[in-house]
Structures are given as structure tokens and as C-alpha cells.
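J.: Just so you know, the sequences run in chain order A and B.
According to our numbering, the first sequence holds residues 1 to 664 in order.
According to our numbering, the second sequence holds residues 1001 to 1325 in order.
These aren't lab readings, by the way, just hints derived from the structure by calculation.
C-beta atoms are modelled at their ideal positions from N, C-alpha and C, and glycine is treated no differently.
Certain hints may be false.
Claimed, not checked - Computed footprint of chain B on chain A, listed as stretches where at least three residues anywhere in the stretch have a Cβ under 8 Å from a Cβ of chain B:
1) 109–121
2) 307–315
3) 565–574
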Amino acid sequence: MTAVVEKPRAADPAPAPVRRERRIGRPLLVAVILGVWLVLFAVLRGRHTLSLAAADLTGLHRWFNDVNDAIGADRDSNPLFLYFFNEIRLVVDTLVTFVQELISQPSAGRPLPQIGWLGVVGLAGYVSWAVGNWRVALLAVAGFTFLGLQGLWQESMDTLALTLSAVLTALLFAIPLGVWAGVSDRVDRILKPFLDFMQTMPTFVYLAPLTLFFLIGPASATIATVIYAAPPAIRITAHAVRSVPEATVEAAESLGATRRQALLKVLLPLSRRTVILGVNQSIMAALAMVTIAALIDAPGLGKTVVQALQSLDVGTAFNAGLSIVVMAIVLDRVTTAAGVRAEAARRSGSRFAAWRRPLLGAGAAITLVLVYLSHTYVWAAEFPGEGGVGRSVASAADTATLWVQDHLSGLTNTVRDTLTEGLLNPFQTLLTDSPWWLVGAVLVALGTVFGGRRAGITAAVCVGLLVGTGLWSDAMTTLASTLVATVLVMLLGVALGVWMGRSALVDRLIRPTLDAAQVMPPFVYLVPFLALFGATRFTAIVAAVVYAAPVATKIVADGVRQVPAATVEAATAAGCGTWQLITKVQLPMARGALTLATNQGLIYVLSMVVVGGLVGAGALGYDVVAGFSQGQLYGKGLAAGLAIVLLGVMFDRITQAAARRTSA
Amino acid sequence: MARQAEHLRAGAVGVAVLALALAGCGGAKVGDGSSGADGSSGSGSCGTFNLAVNPWVGYEADAAVVAYVAEHDLGCKVTQKDLKEEIAWQGFGTGEVDAILENWGHDDLKKKYVTGQKTAVEAGPTGNKGIIGWYVPPWLAKAHPDITDWKNLNKYAAKFRTSESGGKGQLLDGDPSYVTNDEALVKNLKLDFKVVYAGSETALIQAFRKAEKNKEWVIGYFYEPQWFLSEVPLVKVELPPYEEGCDADAEKVACDYPVYDLDKLVSAKFATSGSPAYDLVKNFTWTNDDQNVVAKYIAVDKLTPEAAAKKWVEANRAKVDAWLK
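Excised from the complex, chain A in its bound form (with noise of 0.2 Å):
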């Protein structure tokens, strides 16, 4: 139902014992670390602060640049490379070349590819209704179709291609992972971190590598991209294996199953639906990898954003957006009703068998024609019509920028400027002006308040780390940045979330906006963004409230609806208002889902970062971006990577801890 990148982390709510032996109350306990850092810092200020300029580097940051170079040098003798990487990279690239041959790109020969537009439209519209239902099938054709009216057929065939691709190769281990790692706790422990690893590392810190090891073009990228698609997929199959109940599979295994039986009879028919939720948040991911990967020379939409930023044409750049954002929207509905397909299915039987099986033949001959017309004639190959909605979408875009940036940058400034001078500044300095290990006790201590000892010991080791990546005072610039950002988001989240989850009709109107933000490339509203606050670490902050605030919402409105009608009419029969019924009754009784909400808000933000950097964030995004640009900064970049990573699962696990106690 959502076209999210959801890591659904705290879908294994294990219980944690409920701790009751001391009696302080943590506010106030937060309260008293809170007093003794301001007294310290009023002591300590500037003192052990641990910053590093711009242009330097740490011996750890050397290393992994040499570490870099040696790879470099020696990649065509290296039989690593000679009988592994390149082997992988020759199996993607012959199937991403086959995929584009087939939809995008001249082939054998031809001009134009295999398969011309009225048989991609054809095959769409077919496929959508035999997996899902005849509305998803619409929608598909329809949106296709407006994919070719934009004028970027070519760019959008080469996007769905590589996103194919890229799906396709992260689900052959991802499934088989998932599965695995559903049925053996170990596993499960084993690779939890990898995927944590996998999904905060900010893409830009792999890309360079990649193409060292898998050279430039269309195979790195989707490497690229199957490395940040694959992690969600992985854990949606694991959750779903896991979320069988355990009285079916014993069931199956006193009938005489064995283990391999009951995992093909029993495990997964049972589970297919959640598997195939795992499938579509894969597509999500791969689809927010468009952009990034363009800087890779990855063919498609992507690149027409990246290029069209360069000469801050905001509209060509929506416009690609735009078509992004349609291609999630298809492909999210349409797997998502595939979805509910497999449920029913599974339940209902065979009611609509006799009917639907000639039905399906009909309709595959009906394909199976369009295509061959797309292969043979022009008409239906190339795409009719010089993109006109395209620049009627561009042109309303320029306009609707520009009277926004002539009108609102007064009040914006003053809003910036509040908030930074306000809130940010002072934030920040008392995290950078601050002694590191004071700093660091505080982020223990409130860890362990928050998420218990385990809690605890994960943030003193994450600590300890950031303080090893030598960016311990450029960590604590983004860390304000970053927390900033989340009370940002979780305001907006709540505001917003109440709101959809009391009124389904709200819901309704407002979901389809929230999953726009969330697949529109943050590229394309950079530039209005910078009209607006300039290039500054607020505009950072807007940004990543922007990419994040709809999954906390959503997650709120979850929330809210669930508590249970029984206990609101109760509420409301005793005479509570409106105001008391969200503060009183609903927003308390939903407060596993604001934590859950505060997680996912935050580890959001922090995938922003990187963009961060390009709008005058500075600190860790500036310098993974700078790694990125600049060889003798390799090593830097690929420390900030760290680092973030290191913050992101600080926070993951005591957010994560604070969760399962609350909701225990």
C-alpha cells in the first residue's frame, strides 16, 4: 500500500524483560545528565574538541587510500579479479545489456529496440492484470503512457531496465537469504548487521569502488543498486518465514513432512504475500538509486536529472522526476495487488478458475500481437509525438519555482534564521565545543536510560569507533543537524498522523502525496530549496524533513488507527473532547508506533546526509561527497561513510530498545 522504502526493523518485537528494580523516574534521571553536561561544557568548553580542517587527513584515512590505490593497480594480474569480479560482472552485464536490448536500447542491428513502446504498454497492462486485478492493469497502462507523452520513453525503458535487472538479481539471493535467516536464528544474527551495513552506508561511498571493481557503466550500477535494493527484500522474506505460525509448521511435521517439505508446502505458500510485499520495497529502493547511480553513467531518467541540475533547469528536472515517481507509483500498486492476489488466491480456491484461464489466453494473444506490431512497424515502436505534456509539465514547474522564490524567500529567511540561530547554533556547539569524551559519556549514559545496558554498551562502542574514523567533530555537526531534522519530522509526523489516522478520507487524500516525496529524487527540489534558505545546513535540514516526515506519518497514522474503536467510544461517551480524546487516549495508547516512528524519522535523516552536503550541510556529508570527487580524499570520504553508519545504528538500537519497552 506504500511506495516506501520501509525497513520494517522492529517487525520482531521480542519482548524484552521489563525491568522494574529502581524506581527513579527517567525524566528526571535524563534531566540530571542533561544539568551535568551544560555545568561541564560551561567548564570544558573547547577543550579536547577533536576537530580536523577540511584538507586533513588522519593515518586511518591514508590507509584507505593506499588500500584504494593497490586495488587500482594491480586489478587486470589479480586472479580475484580476473576469475571473480569480472566473472560476476560479465553475467550482469549480459543480462542488463539482454533487458535493455529488449525495451530500451538499438539492438542486432535495428534502430529502435525488440520490443517498441504499444508491446511495453501491451505486456504492462497484461502482466498487472494477470498478477493483480483490471484496475492495477489500467493504472499501468495508463501510466506507461504518460511515461511516453513526457517525451522520455528511451530514458524511461532504460530506468525499468536497469530496475528489472537490478531486482531480479538481488531477489535470487536475496529470497534464498531470507529464507534461511526465517528458519535459523544464527543466520538471522549473523546478518543483521550486514544489512544495517548495506542500507546506511550512503551510496556514495561505494560508487568508486565499484567501478573499480566492476568497471564503468550500466553492470556497476546495477551492483550498485542491487546492493542497497537486496537488504529490505531479505529481511521482509526472514519476517515473513519467521511470522508463520509455529502450530502449522509443527502440524505438518507430525504428518510425516519433512524439514524440505515443509519448507516448500507449508513455509512458503504460507508466507508468499509478505514475500511478495519484500519484493515491491525492493523495486522502491532500486528506484531511489535512479539518480546516484546516473553519476556512474547508469543509463536513464537519472541522468536527465543530473544533467538538467547542472544548469539548474528545475523543470527538466521535475519532469524526469515526475516520471520517476509514475513508475513507482505502477509498479508499487501493481505488486502490491499482486499481493493481495496470492492471499486471496491462497484462501478462495478455485471459484474464478474456469473463467479466468481462456481469459488469460485471450489476452496473452492479444500481447503476444501488440508486441509483434511494436517489433515490425515504426508507429508502434517509436514513440508518437515530441513529448508536449513534457514541457507543459517542465514550464508549469519553472513557473510555479520561481513565483514561490520571488514570494516566500522574505519569510523564509526570517524562518531560517529563527530556527538556526535559535535552536540549531547552539545545539551544535555544545556537541562540537564540548570535550569528546564528555560528549561521548552523555551519548552512554542517555543510552542506557533510554534502551537499557545492551543499549548502552552499543553506543559506548559506537562511540569509541566514531572517535576512531578521526571525524568525531564533524560527526557531532551532523549529529545536531540530524536531531534537529528528526524533532522537525516527528512534529510534522504527529500533526499529520493523527490527523489521516482519525479521518480515512484525509488519508486518502494525503497518502498519494506523501508517497511522491518519498520517490521524487531529492535532486530536483534541491535547487528551489536553495532558492529559498540558500546554501546552508537548514536547507539540509528541509530537505531530509522532506524525504522523511511521510514515513513517520504514515507510521503514526497506523498508530492511531489501531487503537481499538471500543476504547475511543469509551473515551468519548465519558465526555473527553476532541483535543483530550488524540493527548489522552489515542496518542498514549499509540506510542510504540511514535517510537517506532522516531527510529524510522531519524535513520531517514540520516540518509540524507550525503544530499545534505551538496546544499551547504557541510560536516560528514560534505566530506563523502568530497571523497567521492577527490582522490586524496578516498579515504576520508569512505571515514565519513563510517561514521554515519556508526551514528545510524547507535541510534537504530536505542531507539529500537526504547521501543520494545515501551511498548512491553
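Put chain B on the given structure of chain A with help from the hints.
T.: Quick look at chain B alone, frame taken from chain A:
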């Protein structure tokens, strides 16, 4: 049962579409006529020419023109690859990149790939002069003419203050791949400024554009040749003049940036391949004005790079012919 009826209806519609489609069969077939033949009028000896395109419009202009000439005059099949500098240089060794057309300094990369790995070879200057420095928007230079001398900058430092500059004046720097000494310059010239990193060229240009429009105070790093200067002619601030070796010690720099002779690089394999495209790359030179014209066609007039190249080549046939000799 409603569901069945729907499916039947869908089937009927499908058959109708099929009938229509078959009736409408006709028209040109894919691969018919001229579509396959044109574009390969020259000799076939050139083969494929892999050209790196680094992400700024000026480079795009270089690449567009060279690609256009290689395709139309030499019959090459040109593959343009959009890559950041660092990655483009990597491509020399793996045979994925044949040429880079606009290199800004990057002595570190030369050391690594030309003298170290020996996968790259220098192919001479482009004729473009790369000028780097500090710029202010035109309205500011007009309102305060003395601002273009660095000695007066401290006088105005307070005016340049922003939410990011911590009480000092803000000196805005751009993309991290730029060559910059700005932090050292601010320190060594004892300026009351702080370098703030915008993080991308887009952010930098947007800042200058907005500053000119709303008469805001902005001073920042910029460079020419650059298409944006044809939209907003930024004014350069004079720093202490550059002398040979004054930038030798990165910590102690207190002088302006040198004028860079932008140059071209090719892969070692390409240089010895005998491809006519190599001769074209080697002979290719033009002026800053030439590049700005093409860059303006692309960025401001929104022509496709190919159309922009065609327009320029047709108007400058003599220059192009000199490259082909």
C-alpha cells in the same frame, strides 16, 4: 458473478483492440529505408570512440563539439560517458575511456595515472584558460567599487555575515572537486572571513543568482570559462598577484590562483591505436569565448548538446577544418 461479467467485458474490449490493430497494420517497418544508413558516411576506420563527459556545462560543450565532429567528419561511433573526474581517469586503464577533454590542474591524478600506472598520456592544451578566484555579483561591484580589492574586504566583512559563518563574513566555496586554497588564503591574508562549503556547483550558482536578483551580499569562489557568467557577469576580486611558486606550500599560500592551461588526456592505448579520433582530440583547441558560446546554447537556450555543437560547427567551419588536418 459481477466479476465474471467484468472479465468477459475486458476480453471483448481486447478483441476489439486486436481487430483495430490488425486493420491499421501498415506504415513504415522498423529498419526500413534510410534510418540505418545515415550517420556512417565517413571512412569506417575510426570505430568506437569513448569520450568521458565530466559534470559541468563547459565540459559538456567541449564534448558535444568533439563528438559531433568525430561522428560527422570521421564516421566514428562516439560513446559519451557521464563520469566524475576521478572515475573517468580510472577508465583509462580499463579501456572504458579513451579521452578526457578538460582537465583542471589535477596534478595528483597525473602523477597517479600518467607517470605511475602509465595508462594515461597527455594530449596538449585545449586553448582554454582556466581562471579561478573570488567573485562578487555585479550589483555589489557597482555599488562598492573598492570591494574588488582584497585589502578592503575586512571593511565589509560584517555585511557578508550569514547564519553559517559564525559571526564572521562568509566566503562561499563550491563543489568539493574544485581546486581551492581558500582556507589558507583567509588565514594568511588575515581576513575576517570563514569559508563555508556550499557542496555543489548548483548551490554556488543559485547563491550568486539570488544575490544579484535581490541585491544580497555574497562573495564566493568561482571560475571561468563558465556559462553562468553570460547570465550574471560576476566580477573578480583582486588577490595579491600570483608569482611562480607562491603556492608551493599549501599552508602558506597568500597569493591569487594561477591561470590554468586546461589540457586534454587520452588513454595510452588510444594514443597508439591510429584512430583518427585521436588526431582530432590532439588537434582540438579553441578559446574561452568559443566554449562559452556553446555552453550558453546548452544551459541558457536549452538546445541539446548535439544541436548546440551543430550550430557552432556550422558557423566555425574553418576552425573545425584545422583540427582535421
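J.: Check each numbered hint against the structure and report the violated ones by number, ascending.
T.: 3
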